[in-house]
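Enquirer: Sequence:
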Amino acid sequence: MPLSYLRTLEQDAYTLAIQFASYGIFRVGEIKGLTWDTKNENIITIKQQLVEERTLQDNMTFSHPHRVLKDPKGNPFYSIRTEELPEAGIAILRKMKELNPLYQRLDAF
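For the record, in the sequence shown the residue sitting at position 24 is 179 according to my numbering, with numbers rising by one throughout.
Be aware that a few hints might be false.
Okay, derived cross-link-like pairs now, DSS-like style, lysine-lysine, Cα gap no bigger than 30 Å in a straight line [what the hints assert, rightly or not]:
| hint | residue 1 | residue 2 |
| --- | --- | --- |
| 1 | Lys228 | Lys202 |
| 2 | Lys225 | Lys252 |
| 3 | Lys252 | Lys228 |
| 4 | Lys250 | Lys202 |
| 5 | Lys228 | Lys250 |
| 6 | Lys225 | Lys250 |
| 7 | Lys202 | Lys225 |
| 8 | Lys252 | Lys202 |
Source of the hints: derived by calculation from the structure; they are not laboratory data.
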């Protein structure tokens with residue numbers, strides 16, 4: 156039911172990412188870290204995640220967030236993996252690419 160509702164909304168990076176997450180076991184950062192070179196036909200490789208980090212400055216305030224690519228959370232033996240997607244999942248990836256034709260990563264967050 157929630158997926159059918161999401162499909163009625165204007166399709167943007169957020170609604171597409173939520174729909175995409177239902178076709179596999181993905182963390183948000185893993186979806187943000189996907190690049191087009193990690194997709195091969197209906198198989199994607201999870202090998203990184205995109206996280207936002209802040210650093211504590213000398214005046215005890217945090218810096219503005221900056222994006223960093225890191226290994227996925229957990230044991231690398233399990234967290235770096237390949238996932239097979241159904242055609243509906245691939246269609247979502249194509250739509251993400253359509254929304255961001257010049258962007259290397261799949262998202263626009």
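Enquirer: For each hint, tell me whether it holds in the structure or not.
Expert: Status of the hints after comparison with the structure:
no.	hint	verdict
1	Lys228 <-> Lys202	10 Å, holds
2	Lys225 <-> Lys252	22 Å, holds
3	Lys252 <-> Lys228	25 Å, holds
4	Lys250 <-> Lys202	22 Å, holds
5	Lys228 <-> Lys250	27 Å, holds
6	Lys225 <-> Lys250	25 Å, holds
7	Lys202 <-> Lys225	9 Å, holds
8	Lys252 <-> Lys202	19 Å, holds
Checked against the numbered hints given earlier, this structure breaks none of them.
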